[in-house]
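*Asks:* So you can see what is in the structure, the chains are spelled out below.
There are 2 protein chains.
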Amino acid sequence: MERITLAHGAGGKEMEDLVKKLFQKIKVVKIPDSIGLDNFDDGSSVNVPTSSVVISIDSYTVDPIFFPGGDIGKLAATGSINDVAVMGATPIAALDSIVVEEGFSIKDLETILKSLANVFESENVALLGGDFKVMPKGKIDKIVITTTVIGYLPPNHKLILDSGAKPGDKIIVSGTIGEHGAVITALRMGIETELGNLKSDCMPVTKVMKIAIKNGDIHAAKDPTRGGLAMALNEIAEKSKVSIIVDEEEIPIREEVIALSEMLGIDPLALACEGRVVMSVSPDTAEDILTALHDAGYRDARIIGEVQEKEEGLVLLRTKAGGLRILEKPTGELTPRIC
Amino acid sequence: MERITLAHGAGGKEMEDLVKKLFQKIKVVKIPDSIGLDNFDDGSSVNVPTSSVVISIDSYTVDPIFFPGGDIGKLAATGSINDVAVMGATPIAALDSIVVEEGFSIKDLETILKSLANVFESENVALLGGDFKVMPKGKIDKIVITTTVIGYLPPNHKLILDSGAKPGDKIIVSGTIGEHGAVITALRMGIETELGNLKSDCMPVTKVMKIAIKNGDIHAAKDPTRGGLAMALNEIAEKSKVSIIVDEEEIPIREEVIALSEMLGIDPLALACEGRVVMSVSPDTAEDILTALHDAGYRDARIIGEVQEKEEGLVLLRTKAGGLRILEKPTGELTPRIC
Numbered sequence: 007m008e009r010i011t012l013a014h015g016a017g018g019k020e021m022e023d024l025v026k027k028l029f030q031k032i033k034v035v036k037i038p039d040s041i042g043l044d045n046f047d048d049g050s051s052v053n054v055p056t057s058s059v060v061i062s063i064d065s066y067t068v069d070p071i072f073f074p075g076g077d078i079g080k081l082a083a084t085g086s087i088n089d090v091a092v093m094g095a096t097p098i099a100a101l102d103s104i105v106v107e108e109g110f111s112i113k114d115l116e117t118i119l120k121s122l123a124n125v126f127e128s129e130n131v132a133l134l135g136g137d138f139k140v141m142p143k144g145k146i147d148k149i150v151i152t153t154t155v156i157g158y159l160p161p162n163h164k165l166i167l168d169s170g171a172k173p174g175d176k177i178i179v180s181g182t183i184g185e186h187g188a189v190i191t192a193l194r195m196g197i198e199t200e201l202g203n204l205k206s207d208c209m210p211v212t213k214v215m216k217i218a219i220k221n222g223d224i225h226a227a228k229d230p231t232r233g234g235l236a237m238a239l240n241e242i243a244e245k246s247k248v249s250i251i252v253d254e255e256e257i258p259i260r261e262e263v264i265a266l267s268e269m270l271g272i273d274p275l276a277l278a279c280e281g282r283v284v285m286s287v288s289p290d291t292a293e294d295i296l297t298a299l300h301d302a303g304y305r306d307a308r309i310i311g312e313v314q315e316k317e318e319g320l321v322l323l324r325t326k327a328g329g330l331r332i333l334e335k336p337t338g339e340l341t342p343r344i345c
Numbered sequence: 007m008e009r010i011t012l013a014h015g016a017g018g019k020e021m022e023d024l025v026k027k028l029f030q031k032i033k034v035v036k037i038p039d040s041i042g043l044d045n046f047d048d049g050s051s052v053n054v055p056t057s058s059v060v061i062s063i064d065s066y067t068v069d070p071i072f073f074p075g076g077d078i079g080k081l082a083a084t085g086s087i088n089d090v091a092v093m094g095a096t097p098i099a100a101l102d103s104i105v106v107e108e109g110f111s112i113k114d115l116e117t118i119l120k121s122l123a124n125v126f127e128s129e130n131v132a133l134l135g136g137d138f139k140v141m142p143k144g145k146i147d148k149i150v151i152t153t154t155v156i157g158y159l160p161p162n163h164k165l166i167l168d169s170g171a172k173p174g175d176k177i178i179v180s181g182t183i184g185e186h187g188a189v190i191t192a193l194r195m196g197i198e199t200e201l202g203n204l205k206s207d208c209m210p211v212t213k214v215m216k217i218a219i220k221n222g223d224i225h226a227a228k229d230p231t232r233g234g235l236a237m238a239l240n241e242i243a244e245k246s247k248v249s250i251i252v253d254e255e256e257i258p259i260r261e262e263v264i265a266l267s268e269m270l271g272i273d274p275l276a277l278a279c280e281g282r283v284v285m286s287v288s289p290d291t292a293e294d295i296l297t298a299l300h301d302a303g304y305r306d307a308r309i310i311g312e313v314q315e316k317e318e319g320l321v322l323l324r325t326k327a328g329g330l331r332i333l334e335k336p337t338g339e340l341t342p343r344i345c
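Line by line, the protein sequences are chains A and B. Number 345 marks the last residue of the first sequence (this note's numbering); no jumps. Number 345 marks the last residue of the second sequence (this note's numbering); no jumps.
Pulled out of the complex, with its shape left as it was, chain A reads as follows (with noise of 0.2 Å):
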């Protein structure tokens, strides 16, 4: 098997050689003017069509890096797309910086490159450029890939943002949660065997963004990843100024997640999503924001709560038993490496 080799690394012909090989076998979204990966200069250059630029940058450190519903280079797409369609904006293009371990195998780096490549393809994102670097065997676990996501705000679209979310706003989640974290966390814990058809929710929410902004008004928008919904409700309320009270019934979770959760002894509340938008949106488009998402197939999509003035940061959990109860930021390891 071909494997990765520090000369691979050192900005000589190898790695010239290597990385040119491996983008030879993707398909790159190409952008009118612009300067991107067929040319391997310094950096990358695209026009925006409107003056505000959004950008997320992340680190995708996830173990293991194949799982049942994607692998670290579909998740290192999606999360950063993720993150920019969460703020409102459209995704134009990427870049991507791979830190691989020496003795890696070429031919999992090129399904990896592969995974990431088809997220950007599909979602029309152009891959501009990036950067490639070796680390002596032992020095890295395997592979770490960041990826800087760039878009735009269309005109007459508002950036959404955190602390934006208003007393009276219903919150709406697009879909199951927590099925990312739990199937990372089983994997880890060497119980894979428990999680029969269950998948990482892996991917974009570009097009539950796009719904939901055309048939309603969205205040406050995240995509619940580490620290999963119930960080993701903290934030919220928190730099909103309000609080949030949530029905745990309505919380949209598989079984097959409450069942692993309880085997594990975790929250589902704080498993990590990597493809569901928790939002907060004005009352009279709540209905009309939900009804869309069914009617385009995502119909685990819920209104879990509302948004109220009182006690600013406060997110508060009616459940099923009839209680309500403080729904804190999560603390602790949770589990490391989840994206």
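Calculated from the structure, these hints are not laboratory results. Quick caveat: nothing in here was measured; it's all calculated off a predicted structure. Keep in mind that the hints are not guaranteed to be accurate.
Same chains, same names: a pair is fine if it fits in one copy or spans any two.
To be verified - Computed list of lysine to any residue pairs in SDA-like fashion (alpha-carbon distance at most 20 Å, straight line): (1) Lys-143 - Thr-191; (2) Lys-164 - Ser-57; (3) Lys-148 - Glu-107; (4) Lys-172 - Asn-45; (5) Lys-113 - Pro-70; (6) Lys-19 - Glu-318; (7) Lys-326 - Glu-339; (8) Lys-145 - Glu-107; (9) Lys-145 - Thr-11.
With chain A fixed as given, assemble chain B onto it according to the hints.
*Replies:* Coordinates of chain B only, in the frame set by chain A:
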């Protein structure tokens, strides 16, 4: 000593507290109406003065992380600024993504972050946001930082590409070469006592580029990092479909770098720089650029050669002994983790 724990990377309360604490200690350039570090939102937003956005990403894995002349934070900010600057663009904003090993000293992290922030601040580049991940002990060697810098092309400025060199052009380097590579290699070989006063040349090249653009006509420019001057010249020759001939006699190299290169058995022309530019400029403006660089304090800037028509992609070195040899792209390991 306070150390990084896995909880610091879990995306919950501990991470939020640490990141907020660290970022309170650094000074950050603010751009009016931008959504940046203060917001801790999913992504960031900035208005760019022109529609032409220039962007670069790089992961920095340098070992050791502290070295004479800088540290991984300074390098991570400088390196990505330089990639944007050598394209003729004005850097405006940045993102950083830090992946750190469990057990890493929080004090060292603070030092590194301050170095990074100092570069961005002194260059008037707004640090808009980032990511922070922790990998378990032994799964990553200390710290890897990825930075993205975005810039814009000022009105009436053209993008400077590697492919723009023209026959007749003069080749200029902005200063002595190979110091960064020599310093890191010496540290890694355990012969730091041989370094004397030698320091990494790590510094932004924005001022060099500004002076050169103002005083002449740059057809191609690169910062010669991994692979050094040899790789940079080969890339320009190949992409511009020209040949380049340089005079060994004219290439500015410090005595200490030559001595270290001889001791280590490496070619100084393949040693990385982190604060130099090699540019191909129209012959009628070469002297003007050189004079302006000298006047601005870049006293080691030199015209080292010229561009020829014949033999596409070839780089020739006229040696001090008077012979002519092909200067190949560097091959082999060089020094891994040089940047």
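*Asks:* Hint by hint, say whether it matches the structure.
*Replies:* Hints, verified against the model:
1. Lys-143 - Thr-191: For Lys-143 and Thr-191, only the inter-copy Cα distance (18 Å) is at most 20 Å; the intra-copy one is 26 Å.
2. Lys-164 - Ser-57: Close inside one copy (13 Å) and across copies (19 Å); limit 20 Å.
3. Lys-148 - Glu-107: Intra 5 Å, inter 14 Å, cutoff 20 Å: intra and inter.
4. Lys-172 - Asn-45: The answer is between: 17 Å across copies meets 20 Å, while 47 Å in one copy does not.
5. Lys-113 - Pro-70: Within. Shortest intra-copy distance 17 Å satisfies the 20 Å Cα cut-off; inter-copy 31 Å does not.
6. Lys-19 - Glu-318: Between. Shortest inter-copy distance 17 Å satisfies the 20 Å Cα cut-off; intra-copy 58 Å does not.
7. Lys-326 - Glu-339: The answer is neither: 27 Å in one copy and 61 Å across copies each exceed 20 Å.
8. Lys-145 - Glu-107: Both, since 7 Å and 11 Å are each at most 20 Å.
9. Lys-145 - Thr-11: both (13 Å within a copy, 18 Å between copies)
The structure is inconsistent with hint 7 alone, although it conforms to all the rest.
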